[in-house]
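Using the sequences and the accompanying hints, generate a full structural model.
So the protein sequences, as listed, match chains A and B.
One point on numbering: in this note's numbering, the residue at position 5 of the first sequence is 5, and numbering is uninterrupted.
One point on numbering: in this note's numbering, the residue at position 158 of the second sequence is 158, and numbering is uninterrupted.
Some clues are possibly wrong.
Identical chains blur together in the list; that is why a pair holds if it fits in one copy or across any two.
Stated by the list, open to error - Capping the alpha-carbon separation at 16 Å, the derived lysine to aspartate or glutamate pairs in EDC-like fashion look like this: (1) Lys128 <-> Asp222; (2) Lys128 <-> Asp285; (3) Lys92 <-> Glu115; (4) Lys38 <-> Glu84.
The set of hints was computed from the structure by calculation and includes no laboratory data.
Owing to the predicted nature of the structure, the values given are computational and were not obtained by experimental measurement.
Number of protein chains: 2
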Amino acid sequence: MTNVAILGTGLIGSSVGLNLRKIYEKRPKDLVISGYDKYGDVVSRAKSVGAVDRITSSPIDAVSDADMVILAAPVLAIEQLVQEIANALPAKAIITDTASTKTEIHRWVDKYLPEHTGFVGGHPMAGKTETGPDAAGIDLFQGARWVLTPRVNSSEPAVTTVQNLAKQCGAEVMVMDPEEHDSYVAAISHLPLMAATALYSVVRASQAWPELSLLAANGFKDTTRLAASDRDMAYDIAVTNSSNIVHWIDRYIAGLVELRGQIEGTEKSNENLYRLIAATQWEYDLFRNGKVGREEKGLSDTKDLEPGMMDFIAGGWVKEKLGQMDKDAEKRREQTDLERLQRRDV
Amino acid sequence: MTNVAILGTGLIGSSVGLNLRKIYEKRPKDLVISGYDKYGDVVSRAKSVGAVDRITSSPIDAVSDADMVILAAPVLAIEQLVQEIANALPAKAIITDTASTKTEIHRWVDKYLPEHTGFVGGHPMAGKTETGPDAAGIDLFQGARWVLTPRVNSSEPAVTTVQNLAKQCGAEVMVMDPEEHDSYVAAISHLPLMAATALYSVVRASQAWPELSLLAANGFKDTTRLAASDRDMAYDIAVTNSSNIVHWIDRYIAGLVELRGQIEGTEKSNENLYRLIAATQWEYDLFRNGKVGREEKGLSDTKDLEPGMMDFIAGGWVKEKLGQMDKDAEKRREQTDLERLQRRDV
Numbered sequence: 001m002t003n004v005a006i007l008g009t010g011l012i013g014s015s016v017g018l019n020l021r022k023i024y025e026k027r028p029k030d031l032v033i034s035g036y037d038k039y040g041d042v043v044s045r046a047k048s049v050g051a052v053d054r055i056t057s058s059p060i061d062a063v064s065d066a067d068m069v070i071l072a073a074p075v076l077a078i079e080q081l082v083q084e085i086a087n088a089l090p091a092k093a094i095i096t097d098t099a100s101t102k103t104e105i106h107r108w109v110d111k112y113l114p115e116h117t118g119f120v121g122g123h124p125m126a127g128k129t130e131t132g133p134d135a136a137g138i139d140l141f142q143g144a145r146w147v148l149t150p151r152v153n154s155s156e157p158a159v160t161t162v163q164n165l166a167k168q169c170g171a172e173v174m175v176m177d178p179e180e181h182d183s184y185v186a187a188i189s190h191l192p193l194m195a196a197t198a199l200y201s202v203v204r205a206s207q208a209w210p211e212l213s214l215l216a217a218n219g220f221k222d223t224t225r226l227a228a229s230d231r232d233m234a235y236d237i238a239v240t241n242s243s244n245i246v247h248w249i250d251r252y253i254a255g256l257v258e259l260r261g262q263i264e265g266t267e268k269s270n271e272n273l274y275r276l277i278a279a280t281q282w283e284y285d286l287f288r289n290g291k292v293g294r295e296e297k298g299l300s301d302t303k304d305l306e307p308g309m310m311d312f313i314a315g316g317w318v319k320e321k322l323g324q325m326d327k328d329a330e331k332r333r334e335q336t337d338l339e340r341l342q343r344r345d346v
Numbered sequence: 001m002t003n004v005a006i007l008g009t010g011l012i013g014s015s016v017g018l019n020l021r022k023i024y025e026k027r028p029k030d031l032v033i034s035g036y037d038k039y040g041d042v043v044s045r046a047k048s049v050g051a052v053d054r055i056t057s058s059p060i061d062a063v064s065d066a067d068m069v070i071l072a073a074p075v076l077a078i079e080q081l082v083q084e085i086a087n088a089l090p091a092k093a094i095i096t097d098t099a100s101t102k103t104e105i106h107r108w109v110d111k112y113l114p115e116h117t118g119f120v121g122g123h124p125m126a127g128k129t130e131t132g133p134d135a136a137g138i139d140l141f142q143g144a145r146w147v148l149t150p151r152v153n154s155s156e157p158a159v160t161t162v163q164n165l166a167k168q169c170g171a172e173v174m175v176m177d178p179e180e181h182d183s184y185v186a187a188i189s190h191l192p193l194m195a196a197t198a199l200y201s202v203v204r205a206s207q208a209w210p211e212l213s214l215l216a217a218n219g220f221k222d223t224t225r226l227a228a229s230d231r232d233m234a235y236d237i238a239v240t241n242s243s244n245i246v247h248w249i250d251r252y253i254a255g256l257v258e259l260r261g262q263i264e265g266t267e268k269s270n271e272n273l274y275r276l277i278a279a280t281q282w283e284y285d286l287f288r289n290g291k292v293g294r295e296e297k298g299l300s301d302t303k304d305l306e307p308g309m310m311d312f313i314a315g316g317w318v319k320e321k322l323g324q325m326d327k328d329a330e331k332r333r334e335q336t337d338l339e340r341l342q343r344r345d346v
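Right, dumping it as structure tokens:
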């Protein structure tokens, strides 16, 4: 018999529950999932969709005989949960979480839980616009990355168990330090969240919003979609990863200032602006077509360049777009651009 | 017999062609669509998918007997096209375009075409990530806004014809001045484009990109999707609407600076940050649920507020999130927040 406690039964917690049910589909009676949520209706819905088997009225009830505890609440709520369950946790229990930031989570675990608690931090990088148990599904984690942040003293069984959970949910596991995780997600997840929030906010504040909202097409909706993120999740992320996020907002502002400078007072032949836009589009196409990770050689590796790439670096696109250029100046520019493009990736 | 010339047979031009074919599906022989594109393979594909009937090797050939001319090339290419067709245009021809900016288009029409040319500017606010004739479809404009910018002296038949074309394509027509159009789309369309371009660009430039690209989930992909926009289209937009775009980038940077200021060094009870995030999310939900245009009363109209709204304005969410607050201070804050929230919309 395996007892699992899910504390926080929203989109992520319920999706993990549904996946656990699937893992045990051939021996359903060997698994009991106890669910707790601060909001009674949320845990009721989780039971209705089959994500938990029994509803508990306190986190302590949920964990009292647990083999595994999954903390799936918003980040700041986890501090309280960890304190509450500290004395009720069975020694056997393996504990993980699904929070968007990891440094603070580890700090609270170190502070409130016994030293040898089998804790392995986790962050499934999955989500969607809809929230809550009704949006949960067994396919939510399919193909997603699931970052694990073991403690220095995490036992091998704890790491293996949490790793297997992530894999059985269909995710690909990446292991890193909590601090490393938080600096990465600041760029790839929290900056987009803040960028979308600010973008929606400034456009919404316009006097012309009634007209603007009518004109909003998919481009605006996609770019600002993250502004619909759960407010508690977004706030907790900002609070628990503030210095990394501020760092990336600063880099983003610098990028916008650069782009703004190229656009301002632009004549029809602003080569730098065209190159900036074209280079970004071209790199984005590589990314969109699946060139990710270390195998993504990028612009710094000119050996394997396809013809289209060479054409770009040698200024083919630019020449075509902006008209005939002075031959000598072009040669100088080729050299400079190549160096500049290479620097982007080194 | 109706002769239509489509100059530029990419995604938009080909989608208009397919819609025209559908409009004439009961009398197919009464319509001939002549297609021209700067790129031979693009117009060949347009013919293959049935978006044009005949391929012409020059814009002049395409328009020589045209009843209607549709300029569907990137903005800057239209200046050249307008000059080329100026002397070949039949007096009967009604001309429209589909470009993303309108002020410059009108300037070129005024400059190069005869005074009484039946021109009505147009901008179907539709698009998708894929480009070219193979991505075209009759449903591209379904439910989209299609802005018309008539000239001061546009004839009624010209306006009606172009309006009918847009409606038959499934779009909803909005009429405005070219300048008004350009200031609106700068906020709702061009700012998101530049925001996505800068966002992708700064994250891509990180040394950690190999790891970041592996961690990128739907949030990052959606927020940066517009960075994949056609480079010529994006560049042309920047060049022909630069002052409006710079204005909106400045507002956006100011919004980011404000958000950054709230996040930096944040303690666990930064009420202003929570309110900023929660207000944006709440307003976004209204928008996402279809509250657009004048009927969208927003926060300034407190008469019809739902209970949830009052709860928010009175600080219910915030109180719950951030804990008990001093009663007097709360009352003062309620007043201030209400005023601040009202100012957002007036």
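When no copy is named, should lysine 128 and aspartate 285 be tagged within, between, both, or neither for a Cα gap of at most 16 Å? Between copies, since 14 Å is at most 16 Å while 23 Å is not.
State whether the alpha carbon distance between lysine 38 and glutamate 84 is at most 16 Å within one copy, between copies, both, or neither. within (13 Å within a copy, 69 Å between copies)
Is it within, between, both, or neither for lysine 92 and glutamate 115, if the alpha carbons may be no more than 16 Å apart? within (13 Å within a copy, 86 Å between copies)
16 Å Cα cut-off: does lysine 128 pair with aspartate 222 within a copy, between copies, both or neither? Cα proximity of lysine 128 and aspartate 222: in one copy and across copies (12 Å, 11 Å).
The earlier numbered hints are all upheld by this structure, with none contradicted.
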